[in-house]
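Enquirer: Sequence:
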Amino acid sequence: MTVETQDVKTLIKILIGAAWLDGKIQQEEREYLHRVVREKGLENDAELSPLLYEFRPVKPQECYNWVQEYLGSHPTSERCQQLIEAISGLIYSDGTVANEEAKLLTDLQVIEESDKGNKTPDHSVLNAVRSLYKRWVNNLGG
0 MTVETQDVKT LIKILIGAAW LDGKIQQEER EYLHRVVREK GLENDAELSP LLYEFRPVKP
60 QECYNWVQEY LGSHPTSERC QQLIEAISGL IYSDGTVANE EAKLLTDLQV IEESDKGNKT
120 PDHSVLNAVR SLYKRWVNNL GG
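So in numbering that gives the first Met the number 0, spot 40 of the sequence shown is number 39, and the numbers just go up one at a time.
Think of the hints as simulated: they come from the structure by calculation, not from any bench. Any given hint might turn out to be false.
Said to hold, decoys possible - With a straight-line Cα cutoff of 30 Å, these simulated DSS-like cross-link-like pairs (lysine-lysine) come out:
no. : residue 1 : residue 2
1   : Lys-39    : Lys-23
2   : Lys-102   : Lys-58
3   : Lys-23    : Lys-8
4   : Lys-8     : Lys-58
5   : Lys-58    : Lys-39
6   : Lys-58    : Lys-23
7   : Lys-39    : Lys-8
8   : Lys-102   : Lys-8
9   : Lys-39    : Lys-102
10  : Lys-102   : Lys-23
Claimed, not checked - Here are the computed distance ranges between Cβ atoms for each label pair:
no. : residue 1 : residue 2 : range
11  : Asn-43    : Glu-112   : 34 to 40 Å
12  : Phe-54    : Ser-76    : 31 to 37 Å
13  : Arg-34    : Thr-9     : 14 to 20 Å
14  : Glu-53    : Thr-1     : 26 to 32 Å
The structure presented is a predicted model; accordingly, all values stated were derived computationally and were not measured. From the three backbone atoms N, C-alpha and C, an ideal C-beta is built for every residue, glycine too.
Construct the entire structure; sequences and hints are all you get.
Expert: Listed below in structure tokens is the structure:
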């Protein structure tokens, strides 16, 4: 499997995970995901099928792990922007933006801005995602 194909698969997993962030996949999100998978020629992919056909839900942490995998240890602003655009297409497909989905976009924008400002060159995306996720969970709890 090529690096590009693996990138596309990881991106699709992120999109599926983002669709699950509010606890269920909306019909419009489902249609959007199936269209993207079809366009990429991955409709019979053994790794994506259980996720795409909702045989099991995707937990938020799993989605954030895929984001970290996709962005790598030193994410570029361009890579973040590509991910933001892809997720935005999914999120806006159902006409509503859940708090959890908005949080993911905000987290990505923070990561993107840190690259633009080059404030922390040895910034670890995994630590940033963990920190943002913990803050998100704390906000939900209180």
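Enquirer: Could you run down the list of hints and mark each one as holding or not?
Expert: Hints versus structure:
no. : hint                           : result
1   : Lys-39 <-> Lys-23              : 24 Å, holds
2   : Lys-102 <-> Lys-58             : 15 Å, holds
3   : Lys-23 <-> Lys-8               : 21 Å, holds
4   : Lys-8 <-> Lys-58               : 17 Å, holds
5   : Lys-58 <-> Lys-39              : 24 Å, holds
6   : Lys-58 <-> Lys-23              : 11 Å, holds
7   : Lys-39 <-> Lys-8               : 9 Å, holds
8   : Lys-102 <-> Lys-8              : 23 Å, holds
9   : Lys-39 <-> Lys-102             : 27 Å, holds
10  : Lys-102 <-> Lys-23             : 16 Å, holds
11  : Asn-43 <-> Glu-112: 34 to 40 Å : 39 Å, holds
12  : Phe-54 <-> Ser-76: 31 to 37 Å  : 36 Å, holds
13  : Arg-34 <-> Thr-9: 14 to 20 Å   : 18 Å, holds
14  : Glu-53 <-> Thr-1: 26 to 32 Å   : 27 Å, holds
Of the numbered hints stated above, none is contradicted by the structure.
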